[in-house]
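Here is how the chains run, residue by residue.
Protein chains: 2
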Amino acid sequence: MIKRIGLGTIAFDNMPAVEGCAAVVGKKESEGPLGALFDKVIYDSRDGAETFEAAESRSRMQHAAAQSAMEKAMLRAADVDCVFAGDLLNQCVGSSFGLMDFGIPYLGQYGACSTMAQTLLMGAVMVSSGAAAHALCVTSSHFCAAERQYRFPMEYGSVRTPTAQWTVTGAGACVLGSSGKAAKIRAATIGRINDYNITDANNMGAAMAPAAAETILRFFSDTKTAIGDYDAVFTGDLGQVGSDILRDLLLRQGVDVGDRHRDCGLMIFDRAAQDVHAGGSGCGCSASVLCSKILGDMAQGSLRNILFVATGALLSTTTAQQGKSIPGIAHLINFVAG
Amino acid sequence: MIKRIGLGTIAFDNMPAVEGCAAVVGKKESEGPLGALFDKVIYDSRDGAETFEAAESRSRMQHAAAQSAMEKAMLRAADVDCVFAGDLLNQCVGSSFGLMDFGIPYLGQYGACSTMAQTLLMGAVMVSSGAAAHALCVTSSHFCAAERQYRFPMEYGSVRTPTAQWTVTGAGACVLGSSGKAAKIRAATIGRINDYNITDANNMGAAMAPAAAETILRFFSDTKTAIGDYDAVFTGDLGQVGSDILRDLLLRQGVDVGDRHRDCGLMIFDRAAQDVHAGGSGCGCSASVLCSKILGDMAQGSLRNILFVATGALLSTTTAQQGKSIPGIAHLINFVAG
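The listed protein sequences derive, respectively, from chains L and W. All residue numbers for the first sequence refer to the numbering used here, where the first residue is 1 and numbers rise by one. All residue numbers for the second sequence refer to the numbering used here, where the first residue is 1001 and numbers rise by one.
Chain L extracted, bound-state conformation (with noise of 0.2 Å):
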């Protein structure tokens, strides 16, 4: 069963395990502090697919790491009961087109960039009711087919503000089972909509930091927990700007995450180099992070008890076209190890 401790967070007696996990980058991450890491880099945006979509999606991306995700979980498609799956793309195409070829139960989620934990935390609650055996959760971002359907035309080389973020080209993958031992799912909180009023489209990171403190804050109310407990909070990916928000707004409710916080969205680019303004962002980025560098370390056994708290920001261009403010939200997850 499952323990409803909180409003919003749950703790799982029968703690579903990571069966096997993937991640797929872009040429630019794949030049990262955690290049060596992931399980394949596509090194052409259309990786030989006709349109920057269909790399991200069918042909390419998404597929490969959920397929990657499953042999190591040895696997088949038909072995697994559901998959829990969503993207940037309008109607979130990255994923249906994706992973139709499958066959696999599909339900699309969308959280934005929230949309990996959104995705565990799903998966993690089919697998310990009984629902599911086995439960496939994924999520994509790419730099290209995100930058024109939100900004501009790539053919205009457009300018970018200094808060502004990069849409990380990745995809990762996770199966979740009753029979991993790299990391196990403990508790989870739902994420709530906040919106403190952000109307600048290049300032993600300021609109979803408030959620993630939220989030995080409820966990450790709700868990009876402190930081303390914890060898390190992952978000994703508030970039430079809203780690400095969140780091405050923490501060202000007595909580100093210190060096135990670390965002996604500034470990997958080497800010100094590569020219990436605030940091990583999109689905992919904490997805990619996630199914490379932390997971790996919790089977490594160097992180033991951590929190992944991913951010999204619930805009469109047309409720940004019409003045609207940048609603966020975070959900979390509670890795221990296996």
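In short, the hints are calculated from the structure, not lab data. Note that the coordinates shown come from a computational prediction; the quantities given were computed from them, not determined experimentally. By construction, the Cβ of each residue, glycine as well, lies at the ideal position given by its N, Cα and C atoms. Mixed in with the good hints there might be a few duds.
Simulated coverage check for chain W against chain L, where a stretch passes if three residues somewhere in it have a Cβ under 8 Å from a Cβ of chain L [to be verified]: (1) 1015-1022; (2) 1090-1096; (3) 1107-1116; (4) 1124-1135; (5) 1308-1320.
Covered stretches of chain L (in silico footprint by chain W; criterion: 3 or more residues with CB under 8 Å from a CB of chain W, positions within the stretch not fixed) [to be verified]: (6) 80-87; (7) 271-279.
Once you've looked at the hints, dock chain W against the given chain L.
Relative to chain L, chain W alone:
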């Protein structure tokens, strides 16, 4: 606990109950055959808000349906553990903006027009597993917002083909918990993505019918039941073209649905009088019909055991313009008398 009884088919020992439901629709829908059954009607497409999108979401329709469903369940927003919601607008902003004021832990869903069944499926898993005491399930669509996003600016007054469907302006909301008497959820089947290479975005019924057939047949096979065991099968929203195809596809597999089949897209409008071509569509179509007519009939006892099969077309304007086919999906919920 929840039992896996087939690939993607689950049965609830501890059946989640409908504690309250509500439907809000637009003027045209209020003039249709179900007009008297809706909880609230918005007579103007903007309903006093600045934009169609705002009318769909925060200020009005989706918010009002959720509020009314919670009131009928005698719950405040703070009593609800989580909300599953989605819509057709890019990045599901109808839901994120529509529900954020409630402060309920939020999990965005994307299943196109299958979203109502998907949210019910997820809500039922949360309640039955103990992860939530009360889960809110909401979706909406808005004719004007969808028309200008997917097709043309409203001002163009576009010509429609005979197979085209009319996007319903409507929202439906359902609170699931343990204490309702109207109806309970006994089982569910998660849809798989079916791609029959339909590329005509004005013929969604044809694109979705194969998915509905596959889900219904899989449910019958997994549960070892047959069409004769159910009072009715409600699909939403295949329209006339898709309904005819569904009947044919099922008949070829030896299943004669006969007059047990009804389609929400055909129930909500009077096709002869309301100029809606092949029928209604949109997330709000099956949602508003379920939360008025169908669950109303279950509460009154004229229906006791039904299948609700919401269907979705997983395309975007980008995939359509790139010449891609339209993949379909259908999720199934088995409601029984409470």
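How the hints compare with the structure:
1. 1015-1022: Per the Cβ count (0), the hint is violated.
2. 1090-1096: holds (count 5)
3. 1107-1116: That given contact holds, which follows from 6 residues of the segment 1107-1116 of chain W lying within Cβ reach (below 8 Å) of chain L.
4. 1124-1135: holds (count 8)
5. 1308-1320: It holds: at least three residues are needed, and the segment 1308-1320 of chain W offers 6 whose Cβ sits within less than 8 Å of chain L.
6. 80-87: With 3 residues closer than 8 Å to chain W, the segment 80-87 of chain L meets the three-residue bar; holds.
7. 271-279: Violated: only 0 residues of the segment 271-279 of chain L have a Cβ under 8 Å from chain W.
In summary, the numbered hints that this structure violates are 1, 7.
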